[in-house]
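Participant: Here is what each chain is made of, one letter per residue.
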Amino acid sequence: MHPRRLAATTFAAMTFITAPLAAEELRFTLWTGNDAHLAIFNEIAEGFTETHPDVTVSFESIPAADYTQKLTFQLAGGNPPDLGWMFEDVIPGFVEAGVVEDLRPALEAAEGYELEDFSQPAMALWSEKDAIHGVPFSTSPFMIYYNKAMFDAAGLETPPELAAKGEWDMEKFREVAAALAKANSGKWGFEFKDGQAYDSRILHAIMPPIRAYGGYAWRDGDCGFDEPEAVEAITQLHDMVFEDKSIVPPGEQGDFFSGNSAMTVNQISRASLLADADFEWGIAPLPTGPAGASPIIGQAGIVVFSQSKKQELAKEFVAYMTNPENSELMAEFFPPARLSVLQSDTFVAANDLIPSEQMAYVGKAIEEGNVLPSHPRYAQIYAAMKPRMDALWRADADVQASLEAVCTAIEDQL
Amino acid sequence: MTGHIRTGTTATRAPWLTLRRREMFEGWLFVSPTVIGFLIFFLGPLIAVIIYSLSEWNLLSQQMTYIGTANYRDALIQNPDFWHVIRNSVIFAAGLVPLNMTLALALALALCRPGRGVVFFRTAFFAPVVTSAVAWAIVWKFLLQGEAGAVNQMLAVIGIDGPNWLREPDWAMAAVIVTRVLKMVGLNMILYIAALQSIPRDYEDAARLEGAGNWQIFRMVTWPLLAPSTLIIMVITTIGSFKVFDHIYLMTGGGPENGTLVLAFYIYEQAFEFFNVGYASALAMIMFAIVLVLALVQIMLRQKGSA
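Which chain is which? The protein sequence lines are X and Y, in order.
Counting from 1197, one number per residue, gives the positions in the first sequence under the numbering used here.
Counting from 38, one number per residue, gives the positions in the second sequence under the numbering used here.
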């Protein structure tokens, strides 16, 4: 045989022999790069390889700010991940575009999965008719984080103490924030979520008070920002920023996690930033309003992309990652939508940084809360809304007129 | 040896690889890296953008439909945001180009001759050009904060109540122009220094002997001799100002109230936020045309002036 032909035949034979044994890799995109978070995911991946020894799962971190964009370009460029995290505000658009898979058959086929254990309100965003397009691995309510030292300096009762007495409402929140700013010179009473309320996290800032006052952002094509409840809620925030000067205003920085604000609102995954904090802190529920308690939930789900060549394996991994045992494991940072876990003692003791009585607020908020608003055209709505919201955050702004302008700008998109 | 073989072959049949063909082949081989690079990274994408601009292409759903010139008509006739964006781009360029060039020329005149501290100051003014755009934006965003910002605190010392620079549309545009000028002025300064150093000292000496003062020498001798360099610098700076993206993205994100939403950022928003690649491509072609026309007008004006 000719040497070249011999080499080619040998190579083909080797490929044929080794193909069934070749390792398969699942590529999983996510937006956290936090070591504590990744350690949990790697532990879950190792567990999966016990039953699938030829499979490895590689986690690819993409910064949250660029996540949707980079993911879209990977899909468009023919380099799709097999599965990945998905923000709540973009999942409707991905479902509409038909780029994510229905997971229901795989979840129902998984042994011991208990699909009915998921809270139905928490699954609403991820389900369409009978299809399940994603599994919410994190159903994380917005909580108030507070700096106890700054409350002590102001001689104030902490939010959990006020909540226990039934006095933790929007009015008290304003009063406390003003007193904290006054008592802690050079610091702020309250910082919006991640200090980004005036930029990328507008809804994260305004939805808690709007819902506490009984308002809404949009529903059934109708804009709710100019309704009286929303106007009243935003007017309070506006007054706190510009009259009381208790909320970090636009253009200023007042990071809670560095001790520059006495309170902020965030999810429990941010607790990992406080592991080495040099001040005592805690979490509390959101203040109630005229509409009572209205917890807000931010969600993230796991989806399998239709372009993946290993769809079935990826679906199996989703079922494994979100089974009852692994949901418990992830609960330290990512509260699950599984009722059995939320109501268990394991959940309230899951986070080493947060006392169990405060973790109980988290479980209650998940059961009672509603997810943030979403829409298939969320990016366009946000872009139309943003300049009008910028106009709102001026000291001399007419709140009612600004919110009416927001509704006019977004009504075509709704 | 080779020549002998070739001669022998010629005797039997006409050679395919003649000297002329070989030289042509070698020539193409030498230029091929550039030609291939040009075709793949310039001409190919340019043709692709033209094709995309005539279609409706949603990147997420991967659906592409030919729609003729609808994207252009939508941008130029139906979309009011487009003209707002063009207005912002013109304001940005009109503010940046004269400020940048005046400051660059002033610095170059001060630093073109050897002297004490000249190297230090040249380095100091050029350093921002090679500084990371991200670091530059972070520092300036910090300095330009509202009441707590260092700029406003310095203004407060002299009794001026400074604005919230990056949160008020007019001030935000002024702030992004000035901070961009401070970042990029070093480049034009170097170009002007090179131009000034290429002017023979004899002209200045002769003018001085004739009794000309510094201003007269600058106006009658230096400035006319700098004209070709000024034209190049103006073309480069104008094109750069219309293409500005990173600075806007990092400093204001196009806000507040779309007050700094310039064309390049608007194209980015359409392509990478809304995934309307077809529409973004049409906008990119319009930007290409604007920049091309501006460059041609400037060159024609210069030719007319020197005729």
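Just so you know, the hints here were simulated from the structure itself, not pulled from any lab data.
Since the structure is predicted, the reported quantities are computational estimates derived from the model, not experimental observations.
In this text, a Cβ means the ideal position worked out from N, Cα and C, and glycines have one as well.
One should not assume that every hint holds.
Claimed, not checked - Taking lysine-lysine pairs in the DSS-like style, the calculated list, with each CA pair at most 25 Å apart, reads:
| no. | chain 1 | residue 1 | chain 2 | residue 2 |
| --- | --- | --- | --- | --- |
| 1 | Y | Lys-280 | X | Lys-1389 |
| 2 | X | Lys-1266 | X | Lys-1505 |
| 3 | Y | Lys-280 | X | Lys-1266 |
Unchecked claim - One-sided excerpt, in silico: chain Y residues whose CB lies under 7 Å from chain X:
| no. | residue |
| --- | --- |
| 4 | Leu-96 |
| 5 | Leu-97 |
| 6 | Pro-293 |
What the hints assert, rightly or not - Just so you have them, the derived chain X footprint on chain Y, three or more residues with Cβ under 8 Å:
| no. | stretch |
| --- | --- |
| 7 | 109 to 115 |
| 8 | 182 to 193 |
Participant: Against this structure, judge whether each hint is valid.
Facilitator: Taking the hints in turn, this is what the structure says about them:
| no. | hint | result |
| --- | --- | --- |
| 1 | Y:Lys-280 <-> X:Lys-1389 | violated (33 Å) |
| 2 | X:Lys-1266 <-> X:Lys-1505 | holds (19 Å) |
| 3 | Y:Lys-280 <-> X:Lys-1266 | holds (22 Å) |
| 4 | Leu-96 | holds (5 Å) |
| 5 | Leu-97 | holds (4 Å) |
| 6 | Pro-293 | holds (4 Å) |
| 7 | 109 to 115 | violated (count 0) |
| 8 | 182 to 193 | holds (count 5) |
In this structure, the hints that do not hold are numbers 1, 7, in rising order.
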